Amino acid sequence: MSNAPELRDSYDVAIIGAGPAGMAAAAICAGAGLSTVVFDEQTTAGGQIYRAVGETPVRRAAVLGSDYWYGERLVHALRASAAHHVPGATVWSLSREREIGVSIAGAARLVQARRVIIATGALERPFPIPGWTLPGVMTAGAAQILLKSSGMIPQGRTVLAGSGPLLWLLAWQYLNAGAKLDAILDTTPRANRKTAWPLAAAFLLSPYFRKGLRLLLSVRRRVRVIADVSDLRAEGDGRLQAVVYRAGDGAETRLPADTLLVHQGVVPNVNLAMSVGIAHRWDDDQLCWTPVVDGFGGTAVDGIAIAGDGAGIAGAWAAEERGKLAALAAVRALKPDARREQLPDEAQVRLALARVERGRLFLDRLYRPADRFRLPDGDTLVCRCEEVSARQIVETVALGCTGPNQMKSFLRCGMGPCQGRLCGLTVTELIARARGVTPAEVGHYRLRPPVKPITLGELAALPKNEAAIKAVVRG
Amino acid sequence: MSTARDFDVAVIGGGLVGSAIAWGLAKVGQRVAVLDEGDIAFRASRGNFALVWVQSKGLGMPEYAGWTVRSSEAWGGFADALQTQTGIDVSHQRPGGFHLALSERELEQREQVLKRLHNQPAMQRYDWEIMDRERVRQALPQIGPEVVGASYCPLDGHVNSLRLFRALHTGMQQLGVTYLPNHAVDGIEHRNGEFIIRSAGGEVRSAKLVLAAGNGNARLGPMVGLDVPVRPQRGQIVVTEKAAPFLNYPVVTVRQTDEGGVMLGDSLEEAGFDPTVGTGVISMIADRAVRMFPQLARLNVVRSWAALRVMTKDGFPIYDHSATCPGAFVATCHSGVTLAANHALALAPLIAAGRLPSEQFEVFSARRFHVPAAA
Amino acid sequence: MFQRLPDAGDTTLSITVDGKPVTARAGDSVAATLLAAGIDHCRTTPVSGAPRAPYCMMGVCFECLMVIDGVGNRQGCLVPVRDGMAVEIQHGKRELAR
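Chains as they are written, first to last, in this note's numbering: chain A, 1 to 475; chain B, 476 to 850; chain C, 851 to 948.
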């Protein structure tokens with residue numbers, strides 16, 4: 001980005017994340033004349049859902065499907081706007097006073113904003129099965145990123161396992177691209193159908209319904225699908241060699257495999273929001289932490305809003321509408337005289353949002369991941385960074401450890417570079433079950449900056465005031 | 476909910492001070508309950524720097540220097556006892572420690588302070604020295620050009636304080652201590668020679684009582700006739716990713732853990748009960764660490780945190796027993812790691828026996844803060 | 851093990867991984883380049899020494915840490931590949947000097 005404008009010290013609006021919510025919000029804020037910056041960790045705008053949409057090497061449009069290419073218009077709108085899009089920018093801190101710590105090309109900066117819209121989206125729910133750390137095992141989302149951004153498909157024996165729309169979408173895209181899939185192991189509990197069924201009527205009206213059904217049938221026709229998988233592990237010496245599973249009460253089956261792609265839904269990426277002290281509540285339908293936000297994504301921290309899947313999983317189309325609402329609130333607060341014709345009509349946005357959110361609860365119930373695959377036991381690793389097992393967690397509860405922060409002190413779980421992103425939910429749920437209380441009562445890791453690693457050299461080079469110097473230097 | 480039960484001693488506070496005392500009490504055969512808060516609490520024990528530190532402690536109270544030296548001497552045996560009992564190696568090391576100076580002025584100040592400390596009457600003699608840059612470089616070859624010298628004391632060391640925390644809790648469980656989390660204490664009554672402790676988790680009764688609740692002692696003390704004037708003082712710490720071993724000695728603000736992470740400290744801030752991390756302060760911590768060891772600049776910071784020290788006006792601990800409620804004790808300090816060996820091996824047996832000998836402990840009583848103002 | 855779609859652009863860049871030449875496509879991340887080259891793992895852990903490979907490809911899991919142009923523990927999935935890059939497998943704890 002050689003001709004990119006210089007980064008300023010302050011902006012009216014800073015948006016963190018250039019996915020659907022962030023892109024939609026940026027175009028509106030900038031369009032209303034607010035100075036707007038969008039920080040994004042990736043090298044291209046789009047977020048994960050529209051990852052690399054402007055630059056993907058996948059030539060045939062039919063491979064990825066029209067829902068993917070829809071993202072192009074959001075990227076174009078962002079590019080056409082006066083918003084300053086900064087790719088390759090890692091936001092590692094955000095204060096209650098809306099001072100943003102951001103690292104760009106190896107240098108840390110502090111940027112002040114009057115309003116902040118956190119649009120950091122979702123990440124895949126941990127899938128802690130035996131062997132999930134073996135090379136050859138990765139998430140379905142990771143595999144889809146390889147397809148979108150690099151035009152890569154698996155080679156050799158490939159197994160998909162898990163539950164949820166993304167797993168089927170990836171299978172469909174792979175088949176379109178000519179990849180061979182050995183099997184799909186569906187871990188969705190059969191009993192989910194019963195709890196989801198009463199909500200099916202709402203889902204029939206969802207725009208996701210027809211597309212989803214068509215895609216599902218198309219995949220089922222072409223790949224061996226094993227339903228009701230009740231047990232799953234990855235095996236291999238130094239790398240994946242086989243996937244071992246059990247369907248229902250059946251016998252154990254062993255599938256030789258080179259690649260295992262796992263997925264059981266997505267959850268909000270809460271680290272930045274939690275680090276600034278935004279309250280989160282346990283969502284028992286989505287089995288994750290969700291920030292407490294108002295109808296515009298506003299939080300109890302003055303001037304900080306959350307838009308998109310980071311505010312609760314609802315999908316890309318909803319993210320876009322929620323991005324618009326957060327932007328509307330920012331414009332009204334900072335530029336009450338903005339011309340109405342420059343802004344989207346709130347009522348219409350809310351209507352569109354309601355339409356795409358319809359039937360969400362049906363999906364949540366239908367694809368609710370099984371306890372078996374959220375609550376591991378024995379030597380199965382929970383914390384991949386510090387290599388802490390499920391058994392250690394449960395034994396430490398017996399020592400009187402009641403929550404994840406005490407657990408962190410005792411076992412180091414959550415102390416590695418991922419900062420609990422891949423173990424937090426598992427640790428909370430394991431403690432809750434062992435204590436016989438709700439996850440809400442157990443709580444989550446207390447998160448602090450930097451929420452992403454920066455070098456000590458970068459940190460050292462930041463400006464410091466007299467009080468900071470006095471607090472540290474002493475004889 | 477726990478119901479009323481009988482214990483020889485109830486320890487309020489399950490941090491390093493409380494659990495070291497409780498472990499020591501159980502070791503000498505006392506039936507002990509530990510009442511603790513829950514997962515979210517102002518736990519200095521989760522935020523400490525894990526030094527077992529002697530140099531520079533005790534200016535203004537030489538008895539504190541002596542008490543610190545004693546704990547430092549006892550630490551090796553204490554760590555061995557914990558490992559024998561629980562199998563947990565707390566990684567205690569005592570190679571001596573450095574306090575690096577980044578200017579001639581800092582080094583001079585350092586020397587002045589240490590001279591004043593050691594010139595005090597009644598100061599226990601132990602080795603310490605001021606080293607010039609060249610001598611420091613022999614021990615710490617990675618120092619940067621700004622390091623002009625250091626003070627060094629062979630008694631200094633460090634441990635893995637998180638494993639110490641776990642070892643004490645594991646040890647307590649094995650010794651039959653009743654650990655009661657989510658028992659934040661609301662009130663204490665002393666009736667017919669018995670302490671009745673009301674807490675969020677229920678009522679607990681005991682013959683003796685130890686307040687080891689850190690900054691919470693200020694509130695709890697008056698319930699049993701003890702004055703415990705402590706206040707929170709914020710300290711922030713930064714930690715890097717795991718690196719291959721490079722630092723053979725702890726430096727007062729830079730130490731490498733046995734797991735590889737490099738801890739960088741720390742700040743002294745008067746911020747009340749606000750444990751928020753501030754960018755300016757952690758930047759300053761990083762700046763000084765990089766000037767001491769320039770190669771650190773390339774390491775990634777993976778976490779930072781702020782914790783609240785338990786601070787008295789003069790910076791020294793309070794150990795006291797109540798005149799009005801016999802059997803009630805308080806132990807509070809900001810060196811829960813350094814003094815853990817003393818708390819477990821020296822203080823606990825005295826509490827079990829029912830009194831703190833005045834010739835040794837009068838100096839640590841909060842009565843020192845009650846000197847009438849000069850007329 | 852991954853392969854490139856036949857029409858997915860040319861691999862015009864060349865880098866080294868532990869000294870051995872590997873071709874890459876402009877626009878790929880370092881992690882993707884290693885996966886396309888059939889390289890099994892990008893690091894061993896600092897705790898047990900177990901081998902690990904990229905897992906999330908979106909910057910959150912920190913499994914793709916590797917030594918890139920002499921700097922240890924960089925997230926390979928966030929670093930765009932560049933011609934002439936020298937990549938090394940990260941073995942356990944990072945050395946201070948790199």
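Heads up, a few of these hints could be off.
Here are the simulated distance ranges between beta carbons [said to hold, decoys possible]:
1. A/Lys470 - B/Asn594: 40 to 50 angstroms
2. B/Asp661 - A/Arg239: 53 to 63 angstroms
3. B/Gln595 - A/Glu395: 41 to 51 angstroms
4. C/Ser898 - B/Pro769: 47 to 57 angstroms
5. A/Ile104 - B/Pro616: 30 to 40 angstroms
6. A/Ala201 - B/Ala675: 40 to 50 angstroms
In case anyone wonders, no lab produced these hints; they're calculated from the structure. In this text, all values refer to a predicted model and were calculated from it rather than measured experimentally. Cβ atoms here follow ideal geometry from the backbone N, Cα and C, with glycine treated the same way.
Hint by hint, here is what the structure shows:
no., hint, verdict
1, A/Lys470 - B/Asn594: 40 to 50 angstroms, "violated, 28 angstroms"
2, B/Asp661 - A/Arg239: 53 to 63 angstroms, "holds, 56 angstroms"
3, B/Gln595 - A/Glu395: 41 to 51 angstroms, "holds, 48 angstroms"
4, C/Ser898 - B/Pro769: 47 to 57 angstroms, "violated, 31 angstroms"
5, A/Ile104 - B/Pro616: 30 to 40 angstroms, "holds, 34 angstroms"
6, A/Ala201 - B/Ala675: 40 to 50 angstroms, "holds, 46 angstroms"
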